[in-house]
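Those protein sequence lines, which keep their order, are chains P and H.
Using numbering that gives the first Met the number 0, the letters of the first sequence map in sequence onto residues 0 to 302.
Using numbering that gives the first Met the number 0, the letters of the second sequence map in sequence onto residues 0 to 262.
The hints are simulated quantities; they were obtained by calculation from the structure and are not laboratory data.
Every residue gets a Cβ at the ideal spot worked out from N, C-alpha and C, and that includes glycine.
Each hint should be verified, as a subset may be incorrect.
Computed footprint of chain P on chain H, listed as stretches where at least three residues anywhere in the stretch have a Cβ under 8 Å from a Cβ of chain P [what the hints assert, rightly or not]:
(1) 116-129
(2) 165-176
Simulated restraints, written as ranges between beta carbons of each label pair [what the hints assert, rightly or not]:
(3) F137(P) to E87(H): 49 to 57 Å
(4) E87(H) to R112(P): 24 to 32 Å
(5) R112(P) to S73(H): 19 to 27 Å
(6) R296(P) to G161(H): 22 to 30 Å
(7) E87(H) to N287(P): 50 to 58 Å
(8) D130(H) to N287(P): 42 to 50 Å
(9) P92(H) to S117(P): 25 to 33 Å
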Amino acid sequence: MIHLKKSWRSPSRSPAELFSHLVVWLCASISVVTTIGIIAVLCKEVFAFFSHVSLWEFFTGTEWTPLIEPRKFGIWPLISGTLLIGLGASIFAVPIGAITALFLSEYVKGTPRIILKSVLEVLAGIPTVVYGFFAVFFITPQLQKFIPDLDTFNALSAAIVVAMMIIPTISSISQDAFEAVPKYLREAAYGLGARKYQVATTVVFPAALSGFVASVILGFSRAIGETMAVTLAAGATPRLTLNPLQSIQTMTAFIVQVSLGDTPAGTIEYQSIFAVGLVLFLMTLGANLVAQWIVKRFQEKYR
Amino acid sequence: MPSREAMIEQELLVTPRILTDRLTVKYGEKVAVKEVSLSFYQRKVAALIGPSGCGKSTYLRSLNRMNDFILNISIEGKVLLDGQDIYERKVDPVLVRRHIGMVFQKPNPFPKTIFENVAWGPKRAKFPKKDLPQLVEDSLKQAALWEEVKDRLNTSALGLSGGQQQRLCIARAIAMKPSVLLMDEPCSALDPIATSRIEDLIQELKEKFTIIMVTHNMQQAARVSDVTAFFLHGNLIEYGATKEFFTRPQKIETENYLTGKFG
Ligand SMILES: Nc1ncnc2c1ncn2[C@@H]1O[C@H](COP(=O)(O)OP(=O)(O)OP(=O)(O)O)[C@@H](O)[C@H]1O
Ligand SMILES: [Mg+2]
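If we strip away everything but chain P, and leave its shape as in the complex, we get (with noise of 0.2 Å):
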């Protein structure tokens, strides 16, 4: 017979224990600490930055032209091109997304599946210069044979190239919330003389609604955040428009131009890529509010 020693001591006091506390502790707090140093560095050139622009022609200006006389800082033009790019990424990309991934989930069974979905997760992998070029020397190209009017460098094109980058995000997040859907309820749907893409629309999706939500936001922030592609084919003119017939500059597009230039720390234009950048965190925030109310307004729970 074996017996356990009786101890009354809690096992929490063991080195072992509190060791491995220790290092959890730690590696939360790096994570927590970085966050905090990002925003700290952020507030303080966005308070600089708001000490000679103001905050009325920043979020009510038309104009942004920070690098040349006479300079104008409103936001509104770089707001206009990342939407522009997002928003036109997101509609090429969200009704594509959805349709790959309920094909994939219900559609296709066994090996065919484990294939396409790596397909799917490579085209996730290819480095985002390699999309810009291609926007640009292939894409810009085809569509001007249908659209003489079409800029070399264009809206169109990039929000093109970045919803080809978001479409496996979107997929693969949402195959996984799909296929996540128990059984028993497509067991149930199917047992009532249901079409496949009856189950598919009316049963699979609405119960995994917060996963698919989940996967458009996360390829709209990596859209309104996507940088070289969209540097490459959208170009750098700051402009107040909707068309996306012409060039236009996303504020991640900006921030790259101006850092890339040889702008020396301290100065208005240093300052306002980081007010930018602000802005761009609160979009990506905003939009994940969005969703969150869309979930609990529309999600099905089946626990």
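With the hints as your guide, set chain H with the ligands onto chain P.
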């Protein structure tokens, strides 16, 4: 001279509503159901019993082509619904499932409202929208659930108790007006009171539907069924009127099973 309906009715009592003819089901190489021939009649409840893994569920799910979704399953023999082989090439399995409803072991309502649950199947089958409320009410009444839920039709079905959920699943199935109702251990997730309500319900439903149920509970089979079939290792061992079956089993295997000598 009897009326036409009465004659059809009479006819159905003597010709099987659904039957299997040497039905064999294999998962890959593994034989789960072996050459089972059985007939099920109108207004009769049939119980399928047998030890775990003997192929009851496999057999039941072959009757409405729910097994079609399983990879590398193979099915031989015939399943005739009102004389039509449901495995014939020209037959659409989706339509088969509209004629042969199914209730599962674990209550599985959709995460939708009570109304939507019952209306879901008919809607998919293009049932006229304006008649839906009446159909939902009738189905819930037939499933003995109407009184309990009539004031909360637009609340989530997941707020119901397990027994209520199972009756909702029955209502949902009969809203399709099937001719056969398959039930795979419909009470195994329920407490004794909910179980007895479902058993009473089955007694009422058998007036309208041919019911085939799998059960592990032999008292239940004795209480609710008119005929009983005993399966063992994929073989049909014995099939007969329930009373005879439990009092004077013909086969030694059946007797052993009933007396608990194995299982
Ligand atoms: N999808 C499947 N793939 C392979 N084998 C299966 C599959 N489903 C069932 N089987 C096997 O087929 C045999 C019959 O299974 P089935 O589920 O029909 O038994 P059952 O009589 O319903 O048992 P229980 O009373 O436990 O529900 C079992 O040996 C089981 O392991
Ligand atoms: Mg079973």
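Hints and how they fare:
| no. | hint | result |
| --- | --- | --- |
| 1 | 116-129 | holds (count 4) |
| 2 | 165-176 | holds (count 4) |
| 3 | F137(P) to E87(H): 49 to 57 Å | 51 Å, holds |
| 4 | E87(H) to R112(P): 24 to 32 Å | 30 Å, holds |
| 5 | R112(P) to S73(H): 19 to 27 Å | 22 Å, holds |
| 6 | R296(P) to G161(H): 22 to 30 Å | 28 Å, holds |
| 7 | E87(H) to N287(P): 50 to 58 Å | 53 Å, holds |
| 8 | D130(H) to N287(P): 42 to 50 Å | 44 Å, holds |
| 9 | P92(H) to S117(P): 25 to 33 Å | 31 Å, holds |
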